[in-house]
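Listed in order, the protein sequences are those of chains A and U.
For the first sequence, counting from 1, position 41 maps to 41 in my numbering; every step adds exactly one.
For the second sequence, counting from 1, position 134 maps to 134 in my numbering; every step adds exactly one.
To be clear, the hints were calculated from the coordinates, so they are not data collected in a lab.
Using N, Cα and C, we set each Cβ at its ideal position, and we do this for glycine too.
Any given hint could be a false lead.
DSSO-like, lysine-lysine: derived pairs with alpha carbons at most 27 angstroms apart [said to hold, decoys possible]:
no., chain 1, residue 1, chain 2, residue 2
1, A, K5, U, K160
2, A, K44, U, K9
3, U, K154, U, K11
4, U, K154, U, K9
5, A, K36, U, K22
6, U, K85, U, K160
7, U, K11, U, K22
8, U, K25, A, K44
9, A, K44, U, K11
10, U, K10, U, K22
Just the calculated beta-carbon pair ranges, DEER-fashion [to be verified]:
no., chain 1, residue 1, chain 2, residue 2, range
11, U, Y24, A, D38, 19 to 29 angstroms
12, A, E22, U, T47, 50 to 60 angstroms
13, A, E59, U, K11, 25 to 35 angstroms
14, A, E63, U, S52, 53 to 63 angstroms
15, U, I149, A, I43, 31 to 41 angstroms
16, A, A23, U, S129, 55 to 65 angstroms
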Amino acid sequence: MKNLKMKAARAGKDMSQQELAEAVGVSRQTINSIEKGDYNPTIKLCRDICRVLGTTLDELFWEEENGRTDDE
Amino acid sequence: MDLSFHNNKKKFDERQQLIRGKAYKYGFFTLMLFLIIKFVIEKVFDTMLFSSFAGNWIGICLSIAVFAIVCVWNDAYISLNENMKGVIILFIGVALLNIGISFLNLYNGHVSFLETMQVVKNGEIFDYSVISVECVNLTCGILFLVICIAIALKSIVDRKEEDFEDDDAE
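Looking at chain A on its own, in the form it has when it is part of the complex:
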C-alpha cells in the first residue's frame, strides 16, 4: 500500500528522498520503502518525518475508512 501522502508532502517541501533521509537520520532506501509501503515505520520515525515535513501524524499516516493511506 503506497504512502502517496508522504510523497506529496515531501514534494511539497521540495525535498528529495536523500534530503529527507538525512534530515530524519535514516537511509534513503528506508524513506523509499516507507513511500512504497514496503516498511511500516515506528512511531518515533513517523514523528520525525512529520516534524521535518511540517505535517501531523494524521495527515501522513492515518488510514482512510477503506484502509488506504494514499490519496487515490
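Guided by the hints, dock chain U onto chain A, whose structure is given.
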C-alpha cells in the same frame, strides 16, 4: 578532548536493524543446515569431503555470505556513516589478495587444496581425498568477491528502479 570511540561505531537505522536481525537468522540456519548435511554425508554415506577445519570454515563462510547477501539486497549492509565506495574498494582488495595468495601458493607447489586423510575403521585404514585446510584463503577470497558482486548487482537494480521512478514522476 573526547577520547571515546563511539563516533566510529556503525550506525544503522531501524529498518536496517530489523533486516540485519533476519539476515543473522538466515545465516545461522544456513550454518546449521550445512553442518547437518556434512554430518549426514560423513556418517550415513560413509565418505569424507573436508578436513575438520576446512569443513567448519566453509560452513562459516557460507553463513556469512547468506547474511551479507540478504543485507545487501535489502540495503542494510553498509551503515549510515560508511562510504560505499570505500567498502567496495576494501573488499575487492581483500578478495584479490586472498585469491592471489591462494593461487600463488598453488602455482609454486607449496600447498594443495586436496589432501589424503587416513581414517581407521574396524581395524582397517581408509584413505580419503578431502578438501584441505589450505583452501582457507581461496574461500575467504570467494566470500568477499561474492559480496562485491552482490553490491554491484544491487546498485544496477537500484539505478534501474530510480530511472523508472523518475520517468513515472515526469
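How the hints compare with the structure:
1. A:K5 <-> U:K160: Judged against 27 angstroms, a Cα distance of about 24 angstroms means the pair holds.
2. A:K44 <-> U:K9: holds, 22 angstroms
3. U:K154 <-> U:K11: Holds, at roughly 21 angstroms.
4. U:K154 <-> U:K9: holds, 25 angstroms
5. A:K36 <-> U:K22: holds, 21 angstroms
6. U:K85 <-> U:K160: holds, 19 angstroms
7. U:K11 <-> U:K22: holds, 17 angstroms
8. U:K25 <-> A:K44: The hint holds at about 26 angstroms.
9. A:K44 <-> U:K11: Cα-Cα ~17 angstroms, so holds.
10. U:K10 <-> U:K22: Since the Cα atoms of U:K10 and U:K22 sit roughly 18 angstroms apart, the hinted pair holds (cutoff 27 angstroms).
11. U:Y24 <-> A:D38: 19 to 29 angstroms: holds, 20 angstroms
12. A:E22 <-> U:T47: 50 to 60 angstroms: Holds: the Cβ-Cβ distance is about 56 angstroms, inside 50 to 60 angstroms.
13. A:E59 <-> U:K11: 25 to 35 angstroms: holds, 29 angstroms
14. A:E63 <-> U:S52: 53 to 63 angstroms: holds, 57 angstroms
15. U:I149 <-> A:I43: 31 to 41 angstroms: holds, 38 angstroms
16. A:A23 <-> U:S129: 55 to 65 angstroms: holds, 60 angstroms
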